[in-house]
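Peer 1: Now for the letters of each chain:
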Amino acid sequence: MRRIVFIFPILVFVVVGAFFAYGLTRDPSNIPSQLIDRPLPEFDLPAIQGLQDGLSTEDIKGEVALVNVFASWCVSCHIEHPVLMELTKANAVPIYGLNWKDAPGDGKAWLDRYGNPYKAVGDDQKGRVAIDLGVTGAPETFVVDRQGRVRFKVVGPITEQYWTDTLQPLIEELRRS
Amino acid sequence: MRLFSILAAFLFSAAAFAAEPDELLDDPALEARAEKIDAHLRCVVCQSQSIAESNAPLAKDLRILVRERIAMGESDEEVMDYIVERYGDYVLLKPPVQGNTLFLWGFPAAALLLGAAGAFFFLRGSKKPAAASAPLSEDDEDAVNRILDERG
Numbered sequence: 001m002r003r004i005v006f007i008f009p010i011l012v013f014v015v016v017g018a019f020f021a022y023g024l025t026r027d028p029s030n031i032p033s034q035l036i037d038r039p040l041p042e043f044d045l046p047a048i049q050g051l052q053d054g055l056s057t058e059d060i061k062g063e064v065a066l067v068n069v070f071a072s073w074c075v076s077c078h079i080e081h082p083v084l085m086e087l088t089k090a091n092a093v094p095i096y097g098l099n100w101k102d103a104p105g106d107g108k109a110w111l112d113r114y115g116n117p118y119k120a121v122g123d124d125q126k127g128r129v130a131i132d133l134g135v136t137g138a139p140e141t142f143v144v145d146r147q148g149r150v151r152f153k154v155v156g157p158i159t160e161q162y163w164t165d166t167l168q169p170l171i172e173e174l175r176r177s
Numbered sequence: 001m002r003l004f005s006i007l008a009a010f011l012f013s014a015a016a017f018a019a020e021p022d023e024l025l026d027d028p029a030l031e032a033r034a035e036k037i038d039a040h041l042r043c044v045v046c047q048s049q050s051i052a053e054s055n056a057p058l059a060k061d062l063r064i065l066v067r068e069r070i071a072m073g074e075s076d077e078e079v080m081d082y083i084v085e086r087y088g089d090y091v092l093l094k095p096p097v098q099g100n101t102l103f104l105w106g107f108p109a110a111a112l113l114l115g116a117a118g119a120f121f122f123l124r125g126s127k128k129p130a131a132a133s134a135p136l137s138e139d140d141e142d143a144v145n146r147i148l149d150e151r152g
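For the protein sequence lines, the chains are A and B, in the order given.
Everything in the first sequence is counted per UniProt numbering, starting at 1 for the first residue and increasing by one.
Everything in the second sequence is counted per UniProt numbering, starting at 1 for the first residue and increasing by one.
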């Protein structure tokens, strides 16, 4: 009985410590998306200043695609952009862009400078569609299946490693199903 | 008078945490409701702040959204539900009591009970007189006496 009194606090410490150690390995900015397995919310966005076509939910249906939330003010988008360019060049997967809360002209300037990997870009200047998508920051990327359902969300930049390790296998699987 | 205005400046500056002037609703009653909702919603960019406290652009968008929904005549619950539907329970600064949060809500009470039980048994145990030790054997007694004698 006496021994339990001494061992118990150590046990509690180990359990709580393990819990916190596990917590440290998780990224707090990675908030689980509410949209997983649900249809992409309906939207119909105008084109960004300088481009012809906007982006609506209808455009995205039909094949497995990425919907990428980007902005010219977004720092990590600089890391991601070359990867998106490579994917488009390799015809890997159609990518649609959602230009989030950019000043008129800034989105086009960004695409002129770094290249345009997108099949179509929608202008979400007020950020309303981003809220409907549950966007918490840029860049964020949604993987949409053939039926137009969101199947996966990437928080943060897609790197080459992330593409080969996670996204490519997932997209191939979605294409087969 | 000056003291009063300084005091007032401190007392009422709390309002500066709330919505920015361009966001405010004209009706103070509706604005008060909006501010209460803001205080319960987590800013998903800077996660330890509510959207009332945060000056992140996304928090501003959400404040405007809250006011729009209220102006449309929605109840507080409907406005909260609208945002929870998009961002999940995660945006609620006070998590709801439900299956996956039982541990969260129950643990402090359980820890208190365990601690109280532990303290009870510990204190009760310490009141008991120490068990009488076994009497010394004859040899030991002799040895003790010899040592005591030697020391005079």
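The set of hints was computed from the structure by calculation and includes no laboratory data.
Check before you lean on any hint, since a few could be wrong.
[To be verified] If you want the footprint, here are the derived chain A segments under chain B, 3+ residues with CB under 8 angstroms:
| hint | stretch |
| --- | --- |
| 1 | 2-16 |
| 2 | 78-90 |
| 3 | 119-132 |
[Claimed, not checked] Going by beta-carbon spacing under 8 angstroms, a handful of chain B positions derived as facing chain A:
| hint | residue |
| --- | --- |
| 4 | C46 |
| 5 | L58 |
| 6 | M80 |
| 7 | D81 |
| 8 | E85 |
| 9 | R86 |
| 10 | G88 |
| 11 | L93 |
| 12 | A143 |
[What the hints assert, rightly or not] Restraint-style ranges between C-beta atoms, simulated for each label pair:
| hint | chain 1 | residue 1 | chain 2 | residue 2 | range |
| --- | --- | --- | --- | --- | --- |
| 13 | A | L24 | B | G115 | 40 to 48 angstroms |
| 14 | A | T166 | B | D76 | 52 to 60 angstroms |
| 15 | B | P57 | A | L24 | 23 to 31 angstroms |
| 16 | A | E42 | B | L93 | 26 to 34 angstroms |
| 17 | A | R176 | B | A117 | 51 to 59 angstroms |
| 18 | B | G115 | A | W73 | 46 to 54 angstroms |
| 19 | A | I36 | B | P95 | 27 to 35 angstroms |
| 20 | A | V14 | B | P95 | 45 to 53 angstroms |
No residue lacks a Cβ here, since even glycine has one placed at the ideal position from N, Cα and C.
Peer 1: Indicate, hint by hint, whether the structure satisfies it.
Peer 2: Hint by hint, here is what the structure shows:
1. Only when three residues or more bring their CB closer than 8 angstroms to a CB of chain B does the claim for the stretch 2-16 of chain A stand; here the count is 3, and the claim holds.
2. Coverage of the stretch 78-90 of chain A by chain B is violated [criterion: at least 3 residues with CB-CB distance below 8 angstroms; count 0].
3. Coverage of the stretch 119-132 of chain A by chain B holds. Counting CB-CB distances below 8 angstroms, 6 residues qualify, and the rule asks for three or more.
4. Using the Cβ-Cβ criterion of 8 angstroms, the hint placing B:C46 at the interface with chain A is not satisfied: the shortest such distance is roughly 10 angstroms.
5. The criterion of a C-beta within 8 angstroms of any C-beta in chain A is met by B:L58, whose closest approach is roughly 7 angstroms, and the hint holds.
6. Checking B:M80 against chain A by beta carbon gives a least distance of about 14 angstroms; that is not within 8 angstroms, so the hint is violated.
7. Hint status for B:D81: violated, given a least beta-carbon distance of 12 angstroms to chain A, over 8 angstroms.
8. The restraint placing B:E85 at the interface with chain A holds, with a minimum CB-CB distance near 7 angstroms, inside the 8 angstroms limit.
9. At a threshold of 8 angstroms, the smallest CB-CB gap from B:R86 to chain A is about 5 angstroms, leaving the interface hint in force.
10. Annotation: B:G88 was flagged as interfacial toward chain A, and the flag holds, the nearest CB pair being 5 angstroms apart, inside 8 angstroms.
11. Given hint, B:L93 at the interface with chain A, is violated; its Cβ is 14 angstroms from that chain's nearest Cβ, farther than 8 angstroms.
12. Interface restraint check for B:A143: the shortest CB-CB distance to chain A comes to about 30 angstroms, outside 8 angstroms, so the restraint is violated.
13. As the Cβ distance of A:L24 to B:G115 is approximately 26 angstroms, the hint placing it in 40 to 48 angstroms is violated.
14. For A:T166 paired with B:D76, a C-beta distance near 40 angstroms fails the hint of 52 to 60 angstroms.
15. B:P57 and A:L24 have their C-beta atoms about 29 angstroms apart, which keeps the hinted 23 to 31 angstroms range intact.
16. Between A:E42 and B:L93 the Cβ separation comes to about 29 angstroms, which falls inside the hinted range of 26 to 34 angstroms.
17. Evaluation of the 51 to 59 angstroms hint for A:R176 and B:A117 yields a pass: the beta carbon distance comes to about 56 angstroms.
18. Here the CB-CB span from B:G115 to A:W73 is close to 50 angstroms, well matched to the stated 46 to 54 angstroms.
19. At roughly 20 angstroms, the beta carbons of A:I36 and B:P95 sit outside the given window of 27 to 35 angstroms.
20. The beta-carbon spacing between A:V14 and B:P95, approximately 26 angstroms, falls outside the hinted interval of 45 to 53 angstroms.
Checked against the numbered hints given earlier, this structure breaks hints 2, 4, 6, 7, 11, 12, 13, 14, 19, 20; the rest are met.
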